[in-house]
Structure formats: C-alpha cells, structure tokens
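Colleague: For the protein sequence lines, the chains are A, B and C, in the order given. The numbering of the first sequence is my numbering, which starts it at 635 and goes up by one. The numbering of the second sequence is my numbering, which starts it at 5 and goes up by one. The numbering of the third sequence is my numbering, which starts it at -1 and goes up by one.
A portion of the hints provided could be inaccurate.
[Claimed, not checked] Covered stretches of chain A (chain C as the covering partner; in silico rule of three or more C-beta atoms under 8 Å from a C-beta of chain C):
id : stretch
1  : 734 to 740
2  : 902 to 912
[To be verified] Counterexamples of contact, computed for chain C against chain A with all Cβ distances above 12 Å:
id : residue
3  : GLY16
4  : LEU146
5  : VAL148
6  : THR221
7  : ILE269
8  : ALA271
9  : PHE289
Treat the hints as calculated values from the structure; they're not laboratory data. Yeah, the Cβ is synthetic: ideal placement off N, Cα and C, and Gly gets one too.
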Amino acid sequence: MSISLTLVLQLIVNGLVVGGLLGLVALGLALIFGVIRVVNFAHGEFITLGAYLTWLIAGGLGLSPFIGIPVAFLFGALVGWVVQVLFIGRVMERPPLDSLMMTYSLSILGLGLFSFFFGGDFRSYSAGPNGDLRLAGVTVGLRSLSVLIVCVALGALVIMLLRSGRLGLAFRALAQNRDAAASCGINIRATERLAFSLAVGLAAVAGALISLIGTTTPGVGDDWLLEGFVVVVIGGMGSIPGALAGALLIGLLQSILGYALDDSWAKIITYLLLYLTLLTRPQGLLGSAMEM
Amino acid sequence: MTVLRTEGLEKSFGGLRAVRGVNFTVETGQLLGLFGPNGAGKTTLFNLIAGETRPDQGGIFLDGEDITHLAGWRRVRLGIGRTFQVTRPFRDLTVMENVLAGVPRSDATRPHDERSAYSLLERVGLAERAGDPASQLTLGMLKRLEVVRVLAIEPKLLLLDEPLAGLSVSESAELLEFVVTLKSATAIIIVDHNVRQCLPVCDTAMVMDGGEVIAHGLPEEVKTDPRVVRAYLGEEAA
Amino acid sequence: MALTRLNPAMLAATLVVGGLAAALPLMGASRYQLVLVYYFAYYLALGQAWNLMSGMTGYVSFAHGALAGIGAYATVMAMNAGVPMWLSIPIGAAVAGVSSLVIGATSLRLRGIAFTFATLFFQALALLIVRKLPAAGGAGGLPLQDILPVWLPQLFMILLAVLSTILVMVVRASRTGTRLLAIKGDEAAALSLGIASARLKLLFFCISAVLAGLAGAFHGLFTASLYPDVVFSFDMSITALAVPLIGGVATAFGPAAGAILFVGVGELLDIFAPGLHNVVIGALLVAVVLFMPLGLVPFTVGRMRDRRKDARSPAASGEYAR
C-alpha cells in the first residue's frame, strides 16, 4: 500500500464530506442536549425525513435536489416544532427516563411510518450535479463537493447564530442555568422549541444531502444517528465545539479505516473508541464532568 | 469520643477556593451548628465529609479511621448519614419503603425491619402515612421523612443539610426538638440559614466565610464575635 | 431478605398458567396455537429479563436483543461442535452473562445515559462482528445440525417464562427490590443511604443478561437456523423493552399483559395490515409514555383502586392528592 500525497488528500476529502454531514447531525444533537437536556433518539427519523423529501422532489418531480435543502429544513423544523410541543415538551419535567423513552418510541413510530409508506427499497435519483472534479490528482464527485460546501456554510451560519444574536445567547443561557435564564426574562418554552426545531431542521438538511450522495432507505437516518452519537459522546455531550471536532475526527477516521480495512471494520473500531472514551474520559474531549 | 476529625481540608473548583484549610472535630452527643453566608463553603464541606467530592488536600477521619478517599456509600456503611437541602424522597415508593430502603451501618445494633421503621415514623408523626407513596406528602412531612430515612441506618454522624428550609417557625421548632433528642446516639452537624432558631440548640457553633472557619466555639461567643458579625452584616455593623 | 409482600396467589397463578401452557401439546392443541403460546412465552421471558434490570433500576438497555442473540449463537455453535445440549445451553447463557459484565464494567459506574449508549453500541457491534465471524457462519446463516423435536424448546421457553416471572415477583417483594427501585427513583439519595449502587446494577444486569441469553438459546433451538441480520436486528431489543414498558414496568404480571398484546397485535396485523408493526408498537409506546408511564397493568390497577376508594368514601379520595 503506497502512501502517496494524492491518496492522503483523497482520504482527507472523503473524510471531510462524511465529517461535514456528521457535523450537522452532531450539532443538532448537542444543541438539543445542551438546551433541553434530552437525548434525541428520534433524530435519525428527521434525517430520513429530509432524505425522502428530497428524493420526492428530485426523483419524483425531477427538480434540482438543491431545492430539497431549504424544503427539508423548513419542513423538518416545522415537524420538529410540533413534536416538541405535542410530545417531548410534555415529558421534560419528568425524570430523564421518560424523555429517553419518548424519543425512542417516536423513533420506532417514525421508522415504521417510513417503512410503510416508502417500503424497504433503496432510493436514489439522477437529478442534480453529476460527474467529478479533478484537482491535483484528487477526484471529488461534484455531489460530494456540493455536500461539503453546504455543510460548511450551514455549520458556519449556525455557529454565528449561536455566538452572536439573541437566540444564540438564549440557547447558551438555558444550557448553563435554566433558572437564571428564566429570571432574566428569557422565554424558556419558546427557546426550547426553537432549539429543537433548529436542530431537527439541521438533521433534515443532513438527510437531504445524504440522499444526494448515497441511497435512501427507511433506516438511513438511524445509521447516521449512531455515528452521530459516537461523535457527541467522544466530543462531549452538550458541547458544540466538541460536536464539530468530533465529527471531523470520526469522519477522517472512518475514511482512513474504510480504505485500509473495510467499512465494517471502520465502524467496529469507531464504536470501540466509544467504549474507550466511556472508560477513560466519559465526559468526552470537550465536555464538562457534569454532562454524563 | 471524637467521631469526626478533619485536617487541613482544601477544595477548589477551577479558580474558586471553596474550602481552605478547615480543621475541626465533632464528638458523640454533640450538636454542631455550621453557619455562614451564601458561598461560604458549607455545602462543599458537607459534600467532602459525605464523600460526594474528594478534597484536593487534607484528611477526614471517622472514629480515627482515614476515610478521605473512601467512596460515599462505603462511608455510609461506616456510619455517616446525610440529608439533602432539597428533599430527595423516592417518590414512587411508600413512606415505609423509603425508610427501609437504606443499608444500615455495618455494626448497627437495632434491627432494620418494619417494626423499628414504624416506631421511627411514630416519633415524627408519620406512622399513619406509612403505606402512602412519598409523592403524596407535604413539604413538612418530606423533611421529617428525610431525617427518619437516614436515622433508620443508625448513623454515628448525622449531616443535616438545611433541614429547616421552607418550614414555618413552629414546624422548625418541632423538627429541632426532635433533632435534639437524637444527640445521645449520634454526633450531628447541622447547616442552616435559620440562625435564630438553630443556634440556641447547638452545643458548638462554627462559622465559615470564604471557605475558611472564622469562628468556632460556644453559641453565645460565636454570636458576638466581630468577624462573624462582619461576615453576615458587613463592615458597618462590626 | 424479608419477603413479606410476596403474594402467594400471584405465585400460584403463575405456576398454574405455566403448567397449563406446558401441558397444551398433550391436550390436543393445534400447531398454530402452540406456536402462539411459544411466542407469548418467548416475549414474556425476554421482557422479564429486561424488566429485572431496566424496569427495576431505570437504566435502559438496548442490548437485550443482542444478549439473546449471543446466547443463541453460542448455544448452537456449541451443539454443532458436539457439546451435549444440557451443557450447550448453560454455555450460551454464560457467554451472554460475561458480555454483560464487559458492557457493565465500562458504563455502570457512571450515572445517567452512559450505560444506555454502551448497550446501544453493543447491539450494533454484535451485528457487525457476528457477520464477520466465519465460525458463526457469517451472513449466510448458521444452521443447527441436529434439529430437536419442537416440543422441547417450547417447553424450555415456557419454563423460562415462568421462572423469570417468579424471579421478578420475588425480587420486587424483597428489600433488594426496594433498593433497586430506590436507585431508579433517586440514585444520589440511594447512595447516601448506603446502597452499593454500581454493584447492584452490575449484578442485576448480569442476571438479566443470563435470562436473555437463555431465551435466545431456546429460541435458537426452536428456529434451528440463525441469520445475523435477523437475530441481531434492533427489533428484538425493541420487543424486550416494549413488552414490559407497555404492560407494566417493575411488576411481575405487567410484561405478561404486554406479551399477550404483542402476540395479539402481531397476529391481527399479519391479517389486516402487514408492515404496520412498528407503527403500532411505536404509537402504543408513545401513548404509554405520555399517559400511563408505569404501564397498562399498574395504570388499570391504580384506576380500579381509586374507584373503590371513591365508592367507599367520596370525600377521602381527593385528600392526599397533590
């Protein structure tokens, strides 16, 4: 196995694409856990939602899949809002066990609905950019490149929102001290719902992008959710920088391992890394010891 | 007989020195009141003794035995019992089950069964509620349950964390009266902001401010100690 | 371990029903009926295994399907290697038990969701690893070489269902059960009362894993052919938790109600609307978590008790409610 520069660059590019998608997923998970202290096992279903929406737009209607991105975001955010109001918001005051079971149950329900309406077939579409870009001997599919660009752009946008802007401030306040945030006049309910909606919208966009470079199945979101969980555990449960750093790390790792061994081994080793993290540093790389 | 001894306890959280060089002892049959303004380090000290956190420096000795690095639940088996500031009942269990849930001290003398649990409940007037789920109790009852629950495991050292918080004057007086009756078998450290009602029943008082012990002695002495007055009321009052 | 609250009527009922179920083949029940009863016993056994750990401590496990699967593979592989059945089955159970110690050692010292994640990834890992193991037949499947007469695994499963139900009954009535529920209620408070939380959790997780392993082993002997994608799919872990959650967590009879529901719903759906299984189970779970978090049986029993209290003294019913 000769390690040439082009090979390394290729692996890095592939890793960045996966890392970018994982970043969107992990960002949502970290946001939800940070602001409303819920581990969202239903997150995968929102990814799948975005994927099927885009497939319907691009495969069914023949339009550009890039339309799917804002549509997925808006639709996802809307569904997320409804889910938060009807289901998750109702069990948040209860012991954390209940919210865990609620999101997990919603996940089962969602998966069942997708299987029922779309069947188990692998869906893909030909609309959208096709072909490759060759740069310095490295081949990047145009689709993958678009995914990477959108991920980075969206990620940067969300970071900006969180850093400046009143919403971001509200999120951070809630994450640090709920009671203090309430007494500062922050509307807790609205902030929680916005956090959830935003996070879920991001998941739906991730799904839209995933449908572009992969195939869509009822379980596609859950597969990515698993990886997303590895990222947030290793990065630190409520930590945004941790989510991004972790996504990059896992993306690159899987790219390298996928090449050196195979995809299954890449996953096996990644999951074993999770166990190692739990054993040695359960709060993750950037989380605080309170998180776990 | 000295039940608890601490030596040079130090604990910092990041840049904040929550506990600085705390040394004190508590004897069997003694009720020690621990007072001080908010942020003085009282809760941290409690947590260090109970085992919820480990000190950065210093030692804790129970009956002469070094328990500084012992896990919390092991300290309970050796005889430390604590209550919590905000009561933590087992909501879905009955009052009786709450009392029986604990594991008694290794060298306990009383049997840990329904009969002795019932008599403990009788002492605080909760006997008729024995079969009710804890979620149905009022705050006053929950405070009493909190104390009875830890008594059932026969602690040598009882740490009461703000047992009077949220109680009316008469409820507080009743609870304090009950606490005083426990002295013969146990050493007790009580932390509370209700200095007016607590201080008079203490054998010794200890005041903390900024992580340090600024006064330690008889209640009447401590009450008039200028450093204590300054800590609570500011410079002008002293 | 005072068992003052063990209800002899419940114990007797369990044994009687179990005996009847075991005797069904002799009473001329049809093959279809026997299979239904078998699946009832399987879901009940698996559900009680989950109940014993997650129902009592509140530490949710997503790995019980995998633990059952490990029991199945270990047992079948042992039997194919010539090990007699009476030894292969304990081997399967033991391998499942040891696996639980590995998961537990990494995650049960921690509070909160670490354990749940550890089990989630254990389930995922099990599938990935077994697919790669040549000795386990890989993705092609592992057949049991000497197929047993079907009544034998059926009998075993019924016995296991009875045993695990009685075990939950006994634990629930004991001081240890109170302590497990204390951990579930408020772990910090439980620790402050001297309860050795980490050890208790690990012990019960191990017992629970052994039970799940046995259920898997018997099921492996029943189906006589193991495919990793089927055996280690998340479906079995979902069943393991849905049966007690819907029926009644931390109770002995709740999972029985859940298992009946599962079998009943499964049959109905097969006739009327195949493919809706997850939708119905998911919807039921959501409804239970929202409106009756303790499960169907405790909810119904609680309602009946309230109504009886109302009937006796209408004024008293509202007195102690918050």
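Colleague: All hints are to be evaluated individually against the structure, with a verdict given for each.
Modeller: Structure-based check of all given hints:
Counting residues of the stretch 734 to 740 of chain A whose CB lies closer than 8 Å to any CB of chain C gives 6, which reaches the minimum of 3, so the coverage claim holds. Under a criterion of three residues with beta carbons nearer than 8 Å to beta carbons of chain C, the stated coverage of the stretch 902 to 912 of chain A is upheld, 6 such residues being counted. Residue placement check: GLY16 (chain C) keeps its beta carbon more than 12 Å from all beta carbons of chain A (closest about 30 Å). For LEU146 (chain C), the shortest C-beta to C-beta distance to chain A comes to about 33 Å, beyond the 12 Å cut-off, and the non-interface label holds.
With a least CB separation of 30 Å from chain A, VAL148 (chain C) remains clear of the 12 Å interface cut-off, as annotated. No beta-carbon of chain A comes within 12 Å of the beta-carbon of THR221 (chain C); the shortest separation is about 22 Å. Interface exclusion of ILE269 (chain C) from chain A stands, the closest Cβ pair being 16 Å apart, more than 12 Å. A Cβ of chain A approaches the Cβ of ALA271 (chain C) within 12 Å, the least distance being about 9 Å, so the stated non-interface status is violated.
With a closest Cβ-Cβ approach of about 10 Å to chain A, PHE289 (chain C) is found to fall inside the 12 Å limit, against its non-interface label.
Hint check: violations occur at hints 8, 9; the rest are consistent with the structure.
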